[in-house]
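Working from the sequences, and respecting the hints, build out all of it.
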Amino acid sequence: MDYVISILPQMGKGWLVTMQIFAVTLLSLPLGVVLGIARLSKFKPLAWFMEVYVWVFRGTPLLLQLLFWYYGLMAVGVRIERETAVYVAFILNYAAYLAEIFRSGIQSIDRGQYEAADVLGLSRRQTMTQIILPQVFKRVLPPIGNEVINLVKDTALVYIIAMSELSRVARIRAVTDDTLVPFAIAAVFYLLMTAIVQNFFKWVEARLDYYH
Amino acid sequence: MYMLQAIDIHKKFGHLEVLKGVSLQVKQGEVIAIIGPSGSGKSTFLRCLNRLETIDRGTIEIDGEVMAKNGPDGRAVYSNEKDITRLRRKMGMVFQNFNLFPHKSVLENLMLAPMQVNQVPAEEAEKTARDLLAKVGLSQKANNYPFELSGGQQQRVAIARALAMNPAIMCFDEPTSALDPELTGEVLRVMRDLALEHMTMVVVTHEIGFAREVANRVIFMDDGLIVEQGSAEEVLLNPRQERTKSFLSTVLVAR
Chain A
1 MDYVISILPQ MGKGWLVTMQ IFAVTLLSLP LGVVLGIARL SKFKPLAWFM EVYVWVFRGT
61 PLLLQLLFWY YGLMAVGVRI ERETAVYVAF ILNYAAYLAE IFRSGIQSID RGQYEAADVL
121 GLSRRQTMTQ IILPQVFKRV LPPIGNEVIN LVKDTALVYI IAMSELSRVA RIRAVTDDTL
181 VPFAIAAVFY LLMTAIVQNF FKWVEARLDY YH
Chain B
213 MYMLQAIDIH KKFGHLEVLK GVSLQVKQGE VIAIIGPSGS GKSTFLRCLN RLETIDRGTI
273 EIDGEVMAKN GPDGRAVYSN EKDITRLRRK MGMVFQNFNL FPHKSVLENL MLAPMQVNQV
333 PAEEAEKTAR DLLAKVGLSQ KANNYPFELS GGQQQRVAIA RALAMNPAIM CFDEPTSALD
393 PELTGEVLRV MRDLALEHMT MVVVTHEIGF AREVANRVIF MDDGLIVEQG SAEEVLLNPR
453 QERTKSFLST VLVAR
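Taken in order, these protein sequences are the chains called A and B. The numbering used here numbers the first residue of the first sequence as 1 and each following residue consecutively. The numbering used here numbers the first residue of the second sequence as 213 and each following residue consecutively.
One or more of the hints may lead you astray.
Said to hold, decoys possible - Under the rule of at most 16 Å between Cα atoms (straight-line distance), these lysine to aspartate or glutamate pairs were calculated in the EDC-like manner:
| hint | chain 1 | residue 1 | chain 2 | residue 2 |
| --- | --- | --- | --- | --- |
| 1 | B | Lys316 | A | Asp209 |
| 2 | B | Lys224 | B | Asp435 |
| 3 | B | Lys294 | A | Asp118 |
| 4 | B | Lys353 | B | Glu338 |
| 5 | B | Lys347 | B | Glu409 |
| 6 | B | Lys302 | B | Glu277 |
| 7 | B | Lys302 | A | Asp118 |
No lab work stands behind these hints, which were simulated from the structure alone.
So this is what it looks like as structure tokens:
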């Protein structure tokens, strides 16, 4: 027990790094909405570009993307902060997945909704923001919840560019102190975080349950 | 002058010619019923009138203003987007599947477009909405959501929603086809009341009874063309064309 308490401050620091990556990557949510809409654009080059974007960022491991944004850029003489590389990698990667979720959500809305908005004189923008997207958000909530929980765990990948987040701290302690206890503590931290995310989504789903 | 004028409307979906030259002129206050078998093009024709579908050839005029007319190459050219938007606002549309906004309450469904499109202040929009709900007999449902209503009630809300934009013409695309038989009456009653108020109406319908009682003119379409038109008695009771007769015998027997 004393050992647990003794390493908690250090684990806590790692947890803060994890939380920071998590929080900043949530920016990929609004970005995903925009990219999802762009993917459906009637302007073909844009839709095509988005398809390639999704292919590249969803089609390669996030681990490789992290290496690219940090060491890859460094190799060609572009130095960016470790944190910046992490944020860029995570946001662009997650936005690709989220864009696909939002795209499919938008496409799942009945054509009659567009037509009703159209004959009432609503502009495309009004139709999107007032009629389509609110219904899309409700529909895509479960898959978005999945992605956000994945994100909690994916933050562990940044060990590859030597950033001391929760799981890396645990590993270092485990090796130096020759014990598995730090891993157990890390697991508890992750479970607490996912429990919060899970309950948050449950709460939002309940709040949106006022219509079918 | 005509409230609505469509001349020689042609429309193809790919290679399938669904409208082969359909013309219709509607005077202020007239109620037109368009009947015909499924696939006859009647719904497509109605949807062409307010540009839910674009036409390939022909002329469409609303309240004396051109929405589309043939260009030099014989293909329809639409007016500029601003004029079209203005003209389309004169037309209300009621769909077979209601298409209410499920995430908005009944009252919000009625207030949305007046506030967003016509910048009507909220209090005024709400007053109009409540008046219209009273008119369709749904005052007590103002704060309910569409899924809580029966099909007939939803369709009455949809009619009220269209009326909230104060249209000069109301188009109905098979408004009772998705309803259980016992629920069609309440919707037809609301439409009959509208007709009595001299609303200009174009109704695509399978309700022969409604067409007979309410329509000033009945149009029978088949295979992308108007086969026969005239007063309800002429078309429904004494049809001249064989196709009209056989269609009527099938729908009347089915009842």
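The hints, checked one at a time:
For the proposed pair lysine 316/B and aspartate 209/A, the alpha carbon gap of about 12 Å is at most 16 Å, so the pair holds. Taking the CA atoms of lysine 224/B and aspartate 435/B, the gap is about 12 Å. The hint holds against a cut of 16 Å. Of the supplied pair hints, the one linking lysine 294/B and aspartate 118/A holds, its CA atoms being roughly 14 Å apart against a limit of 16 Å. The hinted pair formed by lysine 353/B and glutamate 338/B meets the criterion: a straight-line CA distance of about 14 Å does not exceed 16 Å.
With a C-alpha separation of about 12 Å, the suggested pair lysine 347/B and glutamate 409/B falls inside the 16 Å cut-off, and the hint holds. As the CA atoms of lysine 302/B and glutamate 277/B are separated by approximately 11 Å, the hinted pair is consistent with the 16 Å bound. Proposed proximity of lysine 302/B and aspartate 118/A is supported: the alpha carbons are some 13 Å apart, at most 16 Å.
Hint compliance for this structure: every hint is met.
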